[in-house]
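Colleague: Take the sequences, apply the hints, and build the full model.
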Amino acid sequence: MTCWLAIGSHESHNAAQQRNFARSPVPVGPAAAVARYGETADVLDGRQFPVIALVPLATAAPPPPGLPRWPAPGEAWLSPALVAADRHGDLRGRYGRFAGSIAPDGLADRDELFVYYRPPDGAAATDGTWTSISGWGQRPLQPLSSGLRAPTWLTVLAVSLLVVPVVPLAVAAGSRRLRRGAPLRSARLFARTLPAATIGASVAGGLAWWLRHHGGTLSITDQRLVGAADAPMAAVHVVTVVGAAVGVALLASLRGVFADRRWAARLRTADQWITSSDWPRRLATAGTTLLILAALGAPAGQWLLLGGVLTMLLALPSITRRGTAAVGRWLLMRAERRRSPGAPAAGRWLRRGPTSVGAFAGVLALALVVPATVMVGATVTGAEERRAVAVRDTVGAQIVQVNSTGLHVGRDRFLTAVGTDRVLRMYRGDRSTVLVGTCAALARLGSGAACPTTPTPTDGLYPQWSSFGRALTTLGIIAPGPHGALVSSVGEPGELRAVLVLNADGEAGRQAIARAAFTLLPLPYVSLPGQEWLGALRYAEDIAGWMRLVALLGIIVAVVAGVLGIALGQATHRRMTGSGGTLAGSGWALLTSTLLAGVLATVTALGSAFAMRGLNGSGDIPVLVLISALPLSVVVAAIVCLLCTLESATRRHQGRVAGRRRPSSGPGPELVSATTVSGPTEPVASR
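First residue of the sequence shown: 1, per full-length UniProt numbering; consecutive thereafter.
These are computed hints drawn from the structure, not numbers from a lab.
For every residue, glycine included, the Cβ atom is placed at its ideal position computed from N, Cα and C.
Any given hint might turn out to be false.
[What the hints assert, rightly or not] Pair by pair, the computed Cβ-Cβ distance ranges are:
id : residue 1 : residue 2 : range
1  : 298       : 332       : 39 to 47 Å
2  : 538       : 646       : 43 to 51 Å
3  : 571       : 332       : 19 to 27 Å
4  : 122       : 45        : 29 to 37 Å
Modeller: Below you can see the structure in the form of structure tokens.
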């Protein structure tokens with residue numbers, strides 16, 4: 001299922017790239033132009049999305065993909081996802097009159113935020129920042145790149161990640177033996193495993209197909225897994241199912257290769273050396289030391305972190321087996337004192353240090369360590385991000401910055417629309433920033449200030465700052481010293497960089513300013529201070545959300561497969577050794593070994609995450625995700641124990657029923673006497 005979802009995601013990405021190429025404008029000289037094209041951006045909930053301005057020069061030319069016609073002056077077309085996100089109706093009127101939704105063929109995917117609009121005044125489109133275009137489809141897929149639609153590298157990556165849990169599980173599936181006790185050979189293992197592998201791959205592929213085509217909301221990431229109805233996935237589905245089934249069957253047949261006595265002796269010798277030698281403890285000590293050094297910021301910290309993680313993963317299975325053996329010895333001692341009926345069988349099995357328990361600990365640790373380190377690395381915040389968060393918490397929407405490539409074109413109309421007494425024009429002078437506004441606008445920065453007509457330093461001009469003045473100070477626009485900001489009520493002392501609107505109306509005021517900007521300015525960009533860094537934080541949170549989903553899926557797969565593998569190993573041990581014991585004892589053994597493996601794997605993952613955080617100085621540790629493996633392991637183990645109990649009770653009941661029927665299977669006494677003959681012959685029933 002993982003491989004199929006990866007392939008489907010890559011196919012969806014290719015389809016989205018084709019739609020992106022189809023709507024990309026083709027630049028051309030002004031003589032052959034059919035439209036003027038301009039691009040800006042807007043932000044919704046921390047996500048930046050493109051806003052495309054169009055001024056058609058030849059209305060007979062085809063409109064961009066997804067639009068039935070060219071936008072009329074002052075008209076806007078929004079993507080369906082943007083319309084759905086417009087809970088208060090602000091976005092529908094921000095860019096102009098809402099004309100309709102963009103069709104799917106004009107969007108990269110159904111969740112894309114995208115806008116086409118046409119300014120009311122087309123004369124502003126003559127600015128040099130606009131592009132003359134002759135059509136659409138600038139970068140179609142080339143023959144070389146079109147042959148790469150089969151995601152070879154992504155398939156190899158997914159298969160590589162799945163090899164670790166699949167190999168031991170497939171080999172365990174091939175370890176079934178005939179009633180005579182002879183091991184199954186490779187051909188028979190392949191033949192017996194192929195049907196089950198085909199059914200499993202078909203079910204997984206069908207579920208993945210349904211997810212890709214119908215989509216589903218992932219509450220953990222607040223994003224939607226969208227379908228790829230236009231991607232030719234039927235052939236990929238069949239190939240993936242067949243390949244997965246044959247691959248698992250081939251892996252299961254490996255058991256027959258190791259059925260030879262020489263291989264078995266070598267494996268037993270290696271296993272005894274692993275469980276008896278002291279190297280696992282030394283590896284664990286070395287790995288812990290490397291992780292501590294990486295967390296403390298030692299030189300070459302990344303290499304120390306990598307070495308520590310790999311060393312811990314190598315030592316974890318053996319450490320888990322040793323811990324299991326210690327628990328088994330303790331259970332045997334406890335059983336001798338209290339004469340518990342189930343503890344001896346459980347203790348004898350645990351005392352062996354089962355390989356399945358160590359394998360489960362290693363696979364679970366791998367499923368925890370990789371997403372945890374990625375999530376910590378993705379959520380690292382630098383100085384800019386931390387400052388943006390501080391600015392958002394202190395300044396909020398008090399200062400709204402408006403930029404435009406043609407700010408001088410519609411500046412006067414925009415200032416009149418938002419109110420000249422709350423607007424500061426920001427100019428870049430020779431050595432400082434100059435804020436120019438009316439006397440009423442300058443008075444909003446603080447109390448006790450005069451109305452200077454020439455650029456005047458702010459030092460001493462404002463004995464007491466207002467909330468707007470403190471906001472500008474927090475942003476660094478107004479700074480003390482000779483090179484700080486200057487204020488003036490008249491003049492244009494330099495290049496106009498932006499317009500700052502003093503907003504006292506919160507989010508509603510920011511939305512009104514954005515509507516005025518898109519109506520009166522060519523290609524405006526309305527932002528709050530530090531918005532770009534906040535967008536980067538939101539992007540990092542999205543990545544962490546997807547990795548959180550991957551981690552949970554990996555935990556579920558590892559726990560279910562690991563618990564079943566431990567139960568299979570325990571049942572095989574009981575059958576081969578003939579040890580009885582109660583089901584309660586087997587349940588205690590399963591729960592104990594599962595819990596021990598989960599604890600050690602969780603501790604390893606937490607240590608790696610803390611080392612990664614110490615190396616980078618920041619980052620969010622997914623503690624809830626990491627500790628979720630423990631209760632899930634206990635629940636799955638309890639379910640397996642319950643199923644085993646039900647099956648055992650069913651078999652006992654069937655045995656009692658068969659035992660009652662067996663004496664009455666032959667003829668009764670009447671039939672015996674009726675079928676006897678003279679002479680020494682025995683009755684028919686007795687024969």
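Colleague: Hint by hint, note whether the structure agrees.
Modeller: Okay, the hints, checked on the actual structure:
At about 44 Å, the CB distance of residue 298 to residue 332 agrees with the hint of 39 to 47 Å. Distance hint check: the CB atoms of residue 538 and residue 646 are about 49 Å apart, consistent with the given range 43 to 51 Å. Between residue 571 and residue 332 the Cβ separation comes to about 20 Å, which falls inside the hinted range of 19 to 27 Å. The hinted range of 29 to 37 Å is satisfied by residue 122 and residue 45, whose Cβ atoms lie roughly 32 Å apart.
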